[in-house]
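**Student:** Knowing the structure of chain F, use the given hints to seat chain C on it.
In order, the protein sequence lines correspond to chains F and C.
Each residue of the first sequence is one higher than the one before, starting from 1 at the first, in the working numbering.
Each residue of the second sequence is one higher than the one before, starting from 1 at the first, in the working numbering.
Hints in this document: simulated from the structure, not taken from any laboratory.
All residues carry an ideal CB built from backbone N, CA and C; glycine is no exception.
Be aware that one or more of the hints could be misleading.
[Said to hold, decoys possible] Cβ-to-Cβ under 8 Å is the rule here; a few derived chain F residues that face chain C:
#	residue
1	456
2	458
3	459
4	460
5	471
6	477
7	480
8	481
9	488
10	498
11	502
[To be verified] Chain F residues, not near chain C, derived (Cβ > 12 Å throughout):
#	residue
12	189
13	397
14	413
15	529
16	617
[To be verified] For lysine-lysine, the following DSBU-like pairs were computed, each having C-alpha atoms within a straight-line distance of at most 30 Å:
#	chain 1	residue 1	chain 2	residue 2
17	F	298	F	411
18	F	414	C	45
19	F	614	F	561
20	C	177	F	561
21	F	48	F	122
22	C	177	F	497
23	F	179	F	289
24	F	414	F	179
25	F	462	C	45
26	C	177	F	515
27	F	179	F	298
28	F	411	F	300
29	F	48	F	117
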Amino acid sequence: MIRLRHLLLLLVAMTLSVAAWAQVTFTVEAPLLVSLNERVQVQFSVNKEPESDRTFQAPSFEGFNIIAGPAISTGMNVQWINGHQTSSYNRTYTYILKPQSAGKHTIAPASIVVDGKKYTTKSLAIEVIDESVARGQQQSASSNNNNPKQSSGRGASNSAAESNSISSDDIFIVLRTSKSEVYKGEALTATLMLYTRVGYPDIRGVDLPIFNDFWTQEIPSQSERSRAEYNGRVYDTYRLANYIVAPQRTGDLSITPAELDVLIRVVTHDNSPRSAFHSSRHESLVSRKLRSAPITIKVKEFPEGAPTSFSGAVGEFSMACTAPDETMTANSSNELTLTITGSGNLKFITAPRLHLPDSFEVYDTKITDNLRTSTSGASGSITYSYPFVARAAGQYVIEPLVFSYFDLETKQYKSLSTERFTVTVTSDGSVSASDDAGATYREYGGRMKQLDRDIRFIHTDKLQSHPFSLFIFSPIYWLILVLLLSLYIVVYVVMRKRIRENRNIVARRMRQADKVAIQRLRMAQRSMEQDEHHAFYGEMLRALWGYISDKFNIPVSNLTKETIREELYRRGVSASDAELFCQIISRCDEAQYAPSVEGDMREVYADAVSVISKIESVVKR
Amino acid sequence: MRIDNILKVLLLFVTISTADVSRASTLETEAQGEWQRALEAYSAKEYAVACEAFERVAELGYASEELYYNLANAYFKLGVGGEKPFNSGELGRAILNYRRALRLDPTMEDAQYNLDLAVDYTNDAEPLPRGVLSTMWSSLSGMMTSNGWAILSVILFALTLLLVLVYLLSQRIYLRKVAFFIAILSLVLFLFATIFSLSERSLFENSTMAVVICGDVASVHASPDNSSKVIRQPSQGVTVDVLREHGEWSEIEFVDGEKGWIMTTTIERI
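Next comes chain F alone, as it looks inside the complex:
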């Protein structure tokens, strides 16, 4: 029912706003946190003229004493901009209240009637704190961790009397971080707050906190005023700066404190009787140096078992991939795009490695990012595009891209993977493309090397079971040599007689040349007596040729009449005898197949014998 009524109200309000071009709002405004001895100003305001001030119904203000009010004020503002008129109206009802007791007091809704319609404010809970109690506690209790202490505040002031009225508890700055223990790369927010009970000071110099070993980004924000309780006291707070930081290394990292030079306006009431008639207010400026407490952030190492594709990404991510075309022509450029979306240290993640077949040429990865930084951390997307050119036709499988990150929610590593792509590269018709594919050169160790070769396979023979030793000049080596040598000696000794004879065989043959010739001549003589002239001349030739061959150790095959003549002449035989010897050979050659002549045979025989005996006498051994 209530919900229905609200809905109805909303509907009515909407129709009204359309009709009257301005929605009627009726609001209450009051500090939510006050101290017991503070006066509270509660303001009800409506932006359209009510039918009558009497229709305004103030709440009962339980727990508060009304000191003053309601004070009614009206404001009107009419504007013409480019001929367009806008006007605003404001009527406020102000009460000054004083809390009766500490605790939480609720200001009940007020109501007012505008254009015959009743509007109510929301109820407002105001917390009242008894500072005198808190201060007693604070003195006994040791200051807590985040308690800001001003180290040089008091000393900086030169007027003790004036500064006495402002204690270090009245104004200080605090640097707050959202976490005190993080993983490397995990983002946290740091906020610099000013706490004051003496009004907003005049800030003269600011030394912002220094985040060493942190990636830092300041988030611009309005220095809005609010109230907060600190150690049982109520302060006005102002946000001076807001950062989002992410540690870049592990260990205990300390943040250099911020420092603020401020001038504080101090109002002193002169209560001396001398000035009773013109109770004067003295305003003076007190300078102070405010410093935030040092903070140490503990940065933890990632747990064990990081996947190989992990490169320090922390947060929560998702991955999308646009596959390259399924078919492409060789030597045409193509692209694979990977988008990582999520929140975390996106700025610091490295592009996942793309493994392409060797015949693909990969170019530098293009990175485009679309990042937003807010108080909740960096989020957005990063797009990696991997341009490549396939050099050779064929069907290839592109291995999946894997991106791993550390999930802070579950404190576990998570891996995202694309699917496995199959691409078909069609030939572009050029011959060189396929030639190039055979040998791919990559740079390794500063040198271009052909790397698509592979080592040869292992040897799978049976294991050889001998220890390696060197043979040369080993005992066995010498043994074999000695054995061979002794074998040689044995053979030599056994055959020594034959060797000795063999050495003389040539000399013997020379010595026996005449004997052999005489033997042959004798056989020729026998043929002559039997009148077989063919056999006679044959025997004669054999005797003559053989004699020269044996005598001068020249093979018969190497002999001609010319060589015989030369050889005889060289050995000191007279030219006429040499000539005669050759003539006899010629005569025998001619006569061998000619008709027989009795006298010729005897004549040739006699000549041969005489010539040989002449040569024999001239040629000495």
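**Tutor:** Okay, now just chain C, sitting in the frame of chain F:
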């Protein structure tokens, strides 16, 4: 390598006759088992297991070029397959073992091929150019192992003696002449084979070569202390010549002639 096989039979005969036969047989069984395990693991691409098993065989004292070659292959495959290639010194170990295999058998073509391939991954410098004669000599001498040359020298020695006998005993002058010249040639070849064998042996025995074994790069200092200037940062697998040692440091020389000091723990002798 038929010559080698003959030699192996010969050596085997001598070793078995001297070694404790029963102890050798249990070692033999274990080594053969590990060898089989390693071969299967390698085929199944479980390179870490293969490395471990091959290392075990080596621990048992089976130093053969095949073992070192296979071990090197296993290390190379183990390293190249990792996400970050060779991040724990696998390349260095692979190159070390290829070099060990080649030290035992300089003619092992597969090992040379794989070594050349592995060296491409290091930042090893180009060696200083050498003279033609020196190159010719080493390439000729490297055609066979020391043992191969030694066996050849024995054979040439026997041939020389045989030819001398032929010369002495033959009655045919032509044969005598041929035998005489071949005998002289054979004697010269015998001398060369012996010298080659000795030169290969000196390479084998007095090997001062070492390979850098480290995770990524090692630092070479100008003098043997850590505060001295780092003059070079060789990657794992770079082959150096160890000149001398001084405490924890070794003076090394790179193939391009640069000298420096390195921690002895970061290098391993071949």
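**Student:** So, for every hint listed, does it hold in this structure?
**Tutor:** Results of checking the hints against the structure:
1. 456: holds (5 Å)
2. 458: holds (4 Å)
3. 459: holds (5 Å)
4. 460: At 5 Å from the nearest chain C Cβ, residue 460/F passes the 8 Å test, so the hint holds.
5. 471: holds (4 Å)
6. 477: The hint holds - residue 477/F has a Cβ within 8 Å of chain C, the shortest such distance being about 6 Å.
7. 480: Holds, because the Cβ-Cβ distance from residue 480/F to chain C comes to roughly 5 Å (cut-off 8 Å).
8. 481: holds (6 Å)
9. 488: With Cβ-Cβ at 4 Å, under 8 Å, it holds.
10. 498: holds (7 Å)
11. 502: OK, holds: residue 502/F within 8 Å of chain C, min 6 Å.
12. 189: Consistent with the label, residue 189/F stays out of reach of chain C, its closest Cβ about 36 Å off (over 12 Å).
13. 397: Fine: 18 Å to the nearest Cβ keeps residue 397/F off the interface.
14. 413: Since the minimum Cβ distance to chain C is about 15 Å, residue 413/F lies beyond 12 Å and the statement holds.
15. 529: It holds; residue 529/F is separated from chain C by about 36 Å at its closest Cβ, greater than 12 Å.
16. 617: Residue 617/F clear of chain C: closest Cβ-Cβ about 27 Å, beyond 12 Å.
17. 298/F - 411/F: Status holds; Cα separation ~16 Å.
18. 414/F - 45/C: holds (29 Å)
19. 614/F - 561/F: holds (18 Å)
20. 177/C - 561/F: Roughly 27 Å between the alpha carbons, so the hint for residue 177/C and residue 561/F holds.
21. 48/F - 122/F: holds (18 Å)
22. 177/C - 497/F: holds (21 Å)
23. 179/F - 289/F: holds (27 Å)
24. 414/F - 179/F: Holds - the C-alpha atoms of residue 179/F and residue 414/F are around 23 Å apart, at most 30 Å.
25. 462/F - 45/C: holds (20 Å)
26. 177/C - 515/F: Holds, at about 27 Å.
27. 179/F - 298/F: Since the Cα atoms of residue 179/F and residue 298/F sit roughly 9 Å apart, the hinted pair holds (cutoff 30 Å).
28. 411/F - 300/F: holds (12 Å)
29. 48/F - 117/F: holds (12 Å)
Violation of the numbered hints given earlier is absent; every hint is satisfied by the structure.
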